[in-house]
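> With chain A's structure known, arrange chain B on it following the hints.
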Amino acid sequence: MRVALFVTCVNDALYPATGIAAVRLLERLGVEVDFPPGQSCCGQPQYNTGYRYETEPLVRRTAGAFAGYPYVVTPSGSCAAMIREHYPRIGAKAAAEGRGTDLARLAENLVPRVYELTEFLVDVLGVTDVGAYFPHTVTYHPSCHGLRGLGLGDRPRRLLAAVKGLELVELPGAEECCGFGGTFAVKNPDVSAAMAADKLRNAGATGAAVLCGADNSCLAHLDGTLRRQGAPLRTLHLAEILAATEAEPLL
Amino acid sequence: MPAFPAAAREAVHDDTLRANLRHATHTIRDKRARAVTELADWDRLREAGRAVKDHTIRHLDHYLLRLEEAVTAAGGTVHWAADAAEANRIVTGLVLATGEREVVKVKSMATQEIGLNEALEAAGIAAYETDLAELIVQLGDDRPSHILVPAIHRNRGEIRDIFRTRMGDWGRPAPEDLDDTPAALAEAARLHLREKFLRAKVAVSGANFMVAETGTMVVLESEGNGRMCLTLPETLISVVGIEKVIPTFRDLEIFLQTLPRSSTAERMNPYTTMWTGLGPSKGADGDGPSAFHLVLLDNGRTDTLADEVGRQALRCIRCSACLNVCPVYERAGGHAYGSVYPGPIGAILSPQLRGTASEIDATLPYASTLCGACYEVCPVAIDIPEVLVHLRERVVQGGPVTREGLRVRIRPAAGHTAERAAMRAARLLLDHPGALRRAERVLARTRRFRPHRLPGAAGRAWTETRDLPPVPAESFRDWWTRERGGTR
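If you're matching them up, the sequences are chains A and B in order.
Under the numbering used here, the first residue of the first sequence is numbered 367, with each subsequent residue one higher.
Under the numbering used here, the first residue of the second sequence is numbered 34, with each subsequent residue one higher.
Careful: at least some of the hints might be erroneous.
Chain B regions said to be covered by chain A (calculated; three or more residues, Cβ under 8 Å) [said to hold, decoys possible]:
hint	region
1	35 to 41
2	402 to 410
3	462 to 469
What the hints contain is simulated information worked out from the structure, not anything from laboratory work.
No experiment lies behind these values; they were computed from the predicted model shown.
Just so it is clear, CB atoms sit at the ideal spot from N, CA and C, and this is done for glycine as well.
Here chain A stands alone, though its shape is the one from the complex:
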């Protein structure tokens, strides 16, 4: 099985370990992984801030980069939700405004092939035990776009629960937003910081060593707050935990 990895711009530039982990994990499960170099940002920061026209070329670029791949897998619920939920809307609006119908067609073609990593593992590969080893206490923050946008449900937690050595502890108020929200974090810094503080207080109360998530943008916001506080808790992307094995442990 051949898949294109959509590594996302945040992972590419700031969290390459997540992309590398996704490659190792998928290859270990017998998947042939390709990284189409024409890929870039999905356009979510622009779109969610109101710059829809600035998003259109990125929609075109993303669709072009992944043309011909039966599966496009990404370790980001938020970028997957952007494509699935908003690309068709952007295409429809462009058509309604008389700027061509190709965007709508490109979106329609791309959307059914895009999978968030845990969706791909559970729904397409049909695995929950990926043979990982991670002997630490972990709590999981389900980012909003994965939780409500994609409806990932308990897929991430099932995958984590099957990891050897891992003790999964429930995060109180897990379904509440961490306060990142893209440009929200800079446009409304006080509310954003208050939300992060509450999220981290809940995570700290679990006694877990690791706060796991499936979206590095939310984790960057939480990790940045933790570093500033000097707190012992650390954040990790789910892909990195799932990629860790006894032969190649992560921590």
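Just chain B now, kept in the frame of chain A:
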């Protein structure tokens, strides 16, 4: 009104307010979740509510005329108000015509939206709020901060203090030894209000629904004060937004299930009052008013209706479930939204009803992380995040809107020049992976010089409370090329 971020900053750092809000919203959101899961067909009820509301607003002209006919046939008088000023003028004129100088009020968002109390006061008419929470707000010279629980930002101790010091200025004073138990506070309010109900000749209300088929006005409430207002006075004047009409009496079966569960987490609200004009047995001899005036309020609603994406906000039944789950509302408080409609629904309703020209209205569409919790709980499935993004577009890109019935093109709001330039620069970089790769390499090579705090407003906003993520030695792109020898 200040911009949302500035108004929210004050609330975030007010510990009492945050504790009050946190306690109240968490209690009610948990109860709502339980009340909703009791119904096996919630999703279908939600879909039915959405469909009825959509159908009605698509054929609003038809149903409003139908409503006018039915209300008139039942003995009422219908008035049409294009905006707040006209509505206030109509109501003030109607009150003055009765010769009365005081009115009792049923809690109503529409009358708050138009600033009716202030308009009445200017005409020498005293308006008494009879909803307990509205009474607290009125006595405290305060503003409501929640659609359903206007005094949600107050705790019991604060309420006792307001009753003790202010009740006497408005009528019967609070007992000397008033304590802060709910029963004592409710009893003080009951005695104070009863005098008002028994004396008032004119009542002013809103309505939760108006049934086009029968001309029936429907009011849902918890305390029964609304029913007192609707029953005792001789003249009833109701100010109702035009989007409150529903086609048939039978449609109520949906909303009488979804509204109470969404708003107060009750299976059914304690009081549901329905008035159909003045029947032959009513009037002078029976219960209820002998004169009924319905003021149908537009005030930006038909302009909102003209917007294909934004019009779904008109489905709102004012349950406030979105406020109670919103993490931003929980921390910012209702006053930060600068409108009688706070929270997620306010963030999409106010900039549509009022336009995006003012600073507060231009910042409201950004008062959300787009977490989607509001959409998930909305009993009429308003996709609030979708409308927020749509309105953000209007703020930064401008575009066609309808204002007072005219199609006009608005320009982008001021103050986004630097942001727009940054978005364009980012797009140029992101749309050229070669350039992106070079930029990533520059970032990696200069990682030792990475500052801990960033300059510029946006940079400072991030690094005020958060560190920047450490820059890796190698981007994923470069790792892939090194490991896998470039593209396949």
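> Does each hint hold? Answer for all of them.
Results of checking the hints against the structure:
{"no.": "1", "hint": "35 to 41", "result": "holds (count 3)"}
{"no.": "2", "hint": "402 to 410", "result": "holds (count 7)"}
{"no.": "3", "hint": "462 to 469", "result": "holds (count 4)"}
Comparing the model with each numbered hint stated earlier shows that all of them hold.
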